[in-house]
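Protein chains in written order, with my numbering: chain G, 845 to 1402; chain C, 530 to 750.
Since the hints were made in silico from the structure, they are not lab data. A hint or two may mislead.
[As the list claims (entries may be wrong)] DMTMM-like cross-link-like pairs, simulated, lysine to aspartate or glutamate; straight-line CA separation at most 25 Å:
| # | chain 1 | residue 1 | chain 2 | residue 2 |
| --- | --- | --- | --- | --- |
| 1 | G | Lys1032 | C | Asp680 |
| 2 | G | Lys1192 | G | Asp1305 |
| 3 | G | Lys1032 | C | Glu614 |
| 4 | G | Lys1367 | C | Glu727 |
[Claimed, not checked] Listed next, with one range per pair, are the computed distances between beta-carbon atoms:
| # | chain 1 | residue 1 | chain 2 | residue 2 | range |
| --- | --- | --- | --- | --- | --- |
| 5 | C | Thr600 | G | Leu1294 | 46 to 54 Å |
| 6 | C | Ser699 | G | Ile1324 | 21 to 29 Å |
| 7 | C | Phe676 | G | Ala1085 | 52 to 60 Å |
| 8 | C | Phe676 | G | Asp909 | 37 to 45 Å |
| 9 | C | Val604 | G | Phe1143 | 26 to 34 Å |
| 10 | G | Thr1309 | C | Val604 | 28 to 36 Å |
| 11 | G | Pro1036 | C | Ser717 | 47 to 55 Å |
| 12 | G | His1227 | C | Val604 | 24 to 32 Å |
| 13 | C | Thr679 | G | Gly982 | 24 to 32 Å |
| 14 | C | Leu703 | G | Leu973 | 21 to 29 Å |
[Stated by the list, open to error] Simulated coverage check for chain C against chain G, where a stretch passes if three residues somewhere in it have a Cβ under 8 Å from a Cβ of chain G:
| # | region |
| --- | --- |
| 15 | 605-615 |
| 16 | 620-631 |
Quick caveat: nothing in here was measured; it's all calculated off a predicted structure. Every residue, glycine too, gets a C-beta built ideally from N, C-alpha and C.
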Amino acid sequence: MTLTLPPQAGPAPTLQPTGWLRYFSFSVDHKVIGLQYLVCGFLFYLVGGALAGAIRTELLTPISDFLPRETYNEVLTLHGTVMIFLWIVPVVNGAFGNYLIPFYVGARDMAFPRLNAVAFWLIPPAGLLLIGSYFIAGAGASQSGWTAYPPLSLTTPATGQVIWILSVLLLGGSSIFGGINFIATVLKMRRPGLGLMQLPMYCWAMLGTSILVVLSTPVLAGTLVLLSFDIIAHTGFFNPALGGNAVVYQHLFWFYSHPAVYIMVLPAFGLVSEILPVHARKPLFGYTTMVYSILAIVFLGLIVWAHHMFTSGTPPWMRLFFTIATSFIAVPTGIKFFNWLATLWGGKLSLNSAMLFACAFIVNFVFGGITGVALAQVPFDIHVHDTYFVVGHFHYIVYGGTVFVIFSAVYHWYPKFTGRLLNEPLGQAHFWLTFVGFNLCFAPQHWLGLNGMPRRVAEYDPQFTWMNQLSSAGALLMAISTLPFLVNVLVSAFRGEVAGDNPWNALTPEWLTSSPPPVENWKGEAPLVTHPYGYGSAPDAIDLKATSGRDLWSSGRS
Amino acid sequence: MTSLSPGSATSSPPLGHGDPAGPDSLAGVHDHDGAHGGHTSGHPDHRLFGLGMFLVADGMTFAGFFAAYLTFRAVNPLPSGSSYELELLLPSINTVLLLVSSVTFHRAGSALKAGDGARSRRWLLISAALGLTFLAAQLKEYFSLPFGLTDNLFASTFYAITGFHGLHVSLGALMILIVWWQSRPGGSVNRDNPFPLEATELYWHFVDGIWVVLYGLLYLL
Chain G
845 MTLTLPPQAG
855 PAPTLQPTGW
865 LRYFSFSVDH
875 KVIGLQYLVC
885 GFLFYLVGGA
895 LAGAIRTELL
905 TPISDFLPRE
915 TYNEVLTLHG
925 TVMIFLWIVP
935 VVNGAFGNYL
945 IPFYVGARDM
955 AFPRLNAVAF
965 WLIPPAGLLL
975 IGSYFIAGAG
985 ASQSGWTAYP
995 PLSLTTPATG
1005 QVIWILSVLL
1015 LGGSSIFGGI
1025 NFIATVLKMR
1035 RPGLGLMQLP
1045 MYCWAMLGTS
1055 ILVVLSTPVL
1065 AGTLVLLSFD
1075 IIAHTGFFNP
1085 ALGGNAVVYQ
1095 HLFWFYSHPA
1105 VYIMVLPAFG
1115 LVSEILPVHA
1125 RKPLFGYTTM
1135 VYSILAIVFL
1145 GLIVWAHHMF
1155 TSGTPPWMRL
1165 FFTIATSFIA
1175 VPTGIKFFNW
1185 LATLWGGKLS
1195 LNSAMLFACA
1205 FIVNFVFGGI
1215 TGVALAQVPF
1225 DIHVHDTYFV
1235 VGHFHYIVYG
1245 GTVFVIFSAV
1255 YHWYPKFTGR
1265 LLNEPLGQAH
1275 FWLTFVGFNL
1285 CFAPQHWLGL
1295 NGMPRRVAEY
1305 DPQFTWMNQL
1315 SSAGALLMAI
1325 STLPFLVNVL
1335 VSAFRGEVAG
1345 DNPWNALTPE
1355 WLTSSPPPVE
1365 NWKGEAPLVT
1375 HPYGYGSAPD
1385 AIDLKATSGR
1395 DLWSSGRS
Chain C
530 MTSLSPGSAT
540 SSPPLGHGDP
550 AGPDSLAGVH
560 DHDGAHGGHT
570 SGHPDHRLFG
580 LGMFLVADGM
590 TFAGFFAAYL
600 TFRAVNPLPS
610 GSSYELELLL
620 PSINTVLLLV
630 SSVTFHRAGS
640 ALKAGDGARS
650 RRWLLISAAL
660 GLTFLAAQLK
670 EYFSLPFGLT
680 DNLFASTFYA
690 ITGFHGLHVS
700 LGALMILIVW
710 WQSRPGGSVN
720 RDNPFPLEAT
730 ELYWHFVDGI
740 WVVLYGLLYL
750 L
């Protein structure tokens, strides 16, 4: 079967490097940039994971023996910042968004390719700056946690804090540039004839996410600039000793950082909505309700921030409003949850690594969601505020939710990236180690928090010892689980089974081209995919290989 | 294929064994029939749209500052001897200067589109001059104020917000002068390539709009 390619003038030749060198260049190809985000993010994940390992090692014993306390503070600050700003946000938005969105809208590239490259290349220097601050003699990295609450952030060593602010400002700028690009690409770059309600769900997720990025990230940026004035110029914006107001910082910080949770998890919702139908061979259930749920989450996500501040002297009306608004978010989230279950129901599931990670996401996320609704209730929140219950809840959302989806997406799209399949037994080993390790690590933390173990401390009451050791054992399993994955992605790139263009017989447009795709995405016209989830139940209903040459990119000539 | 819409795909029997894809093996994939015209040849220009979104983001930065200012003002009492009162004359003149500069800039844009490059450049120079006068007046106000950056919470907030806005005006004035240079006879900005002027104009109107809000909140309120 050969593809009949209509003679078509390709894009004008560029001076972009080809071959592996392009991954180290200022490439404007969205696929190259997507993979740059992915690999760069994964390297930072290894750093953040090593920091998590240091934290869990310290917490093996009730006393501070593995790390000095100041170092422990630096490690936990770096762990949170690296994982959020250098791993999850760039990968789940930047990596998959850049790789997939132009395919999904039927475009050759993003709306602003150069801005896109700038957005990526802000990340490595910002990350190195942040991590490098740890090694500054006599100063060290920021010690005030990823929230950098004043007055704590005003009393800890200034150098590390200022570098932290600078780094987060750069990463925020990168994020805003990316968000502008995604909005413009989804709204303006759609192929003629492709309606908004025909887009794959990930486009909607990225549109919603990018709206949150554009509306909320600048507020964090402005706030951090004011914080840096407090540190450098000794103004008193957030310094109660100088007549300032530390709670205002919390409001402004959470105005970004609560939406940031959705910036981390909405794209994962989108990715999982792409992966489940393919491996269940069923249409995505409830497309329209999915879209409106995303928009509802975007709107509600902007008006719930103060539920992080129930212990900050918030007045009763504020507590009431933010409890109710937060509880409301469970409605659109629940709709999505049931839609995924209904997508799986009666499907012809192939339980490969991608599917296992996606299904585990559903399990983990519903647990994290339920503890989230519990945390929205003021009486409960006041009891567990700043305890390990919050740590457990948060990791169920961002690790059990988003990171599981990232791995699922890597198994799903790796054949598209490289043209080769990942090894399935290694993938299963990776999955089971991750799933067991993750739950072993974070489930006990709920118990710890309910019983009063505070977070962000290097020492704890001896009664919590063995539960902490259980958690650390889970962390060890998670660390080990990275090995089969690393071996898999490295070896399969050269020796993996050749995947062909469309190993999953998927219908979304990125599969309707070669693997890896050509620079211009499709030879000839982009296919018009109006029903990206049009999977039938008959086993022979989809045979893309037999028809691709005629149907995929002919211009009516063959 | 026309019978299938995403709605019908979702409303088909979801839990049973319906066949929403229909008999066609490629339910979702349509040939491109060429009737939609060439989409791939030229890259359509979305730069103004992108700039608009950037300005939304920029506006949110100001919104955060304003929210902080209003909360400080509502919650945090100033030390005795300080007050929120400011001289109104100079900033009011400044408000007029900026509003007029928006009009003159609009004139410059209209002139360029009408093909009158010389008139467009005159209006650009006037707009830049108004912007620079605004900055000079702002500096004069800074040096005549009875408080410094760290004197009290209001002083810090005042300098932070007006300073951030002043940075915007400085950048805008610089951009106007660059566009003025680019639109010289034989320059790159002309009737066929008005984007740099349009972008600067959009930005300038944004900066003026922010000032009006700032004036209302910091000086009048």
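Evaluation of the provided hints:
Restraint check for Lys1032 (chain G) and Asp680 (chain C): the C-alpha separation of about 49 Å exceeds 25 Å, so the hint is violated. With a C-alpha separation of about 50 Å, the suggested pair Lys1192 (chain G) and Asp1305 (chain G) falls outside the 25 Å cut-off, and the hint is violated. Between Lys1032 (chain G) and Glu614 (chain C) the alpha-carbon distance is near 47 Å, which puts this suggested pair outside the 25 Å criterion. Our distance criterion of 25 Å between C-alpha atoms is broken by Lys1367 (chain G) and Glu727 (chain C), whose separation comes to about 36 Å.
Between Thr600 (chain C) and Leu1294 (chain G), the C-beta spacing of about 34 Å breaks the proposed range 46 to 54 Å. Hint check: Ser699 (chain C) to Ile1324 (chain G), Cβ distance near 55 Å, so the stated range 21 to 29 Å is violated. A C-beta distance of roughly 19 Å is found between Phe676 (chain C) and Ala1085 (chain G), which places it outside the suggested range of 52 to 60 Å. Between Phe676 (chain C) and Asp909 (chain G) the Cβ separation comes to about 51 Å, which falls outside the hinted range of 37 to 45 Å.
Hint check: Val604 (chain C) to Phe1143 (chain G), Cβ distance near 27 Å, so the stated range 26 to 34 Å holds. Between Thr1309 (chain G) and Val604 (chain C) the Cβ separation comes to about 43 Å, which falls outside the hinted range of 28 to 36 Å. Look at Pro1036 (chain G) against Ser717 (chain C): about 31 Å separates their beta carbons, and that is not inside 47 to 55 Å. The hinted range of 24 to 32 Å is satisfied by His1227 (chain G) and Val604 (chain C), whose Cβ atoms lie roughly 27 Å apart.
Taking the beta carbon of each, Thr679 (chain C) and Gly982 (chain G) are about 27 Å apart, inside 24 to 32 Å as hinted. Restraint check, Leu703 (chain C) to Leu973 (chain G): a C-beta distance of roughly 28 Å satisfies the suggested window 21 to 29 Å. Proximity of the region 605-615 of chain C to chain G, defined as three or more residues with a beta carbon under 8 Å from a beta carbon of that chain, is established by the 3 residues found. By the rule of at least three residues with a Cβ nearer than 8 Å to a Cβ of chain G, the coverage given for the region 620-631 of chain C is violated, with 0 such residues.
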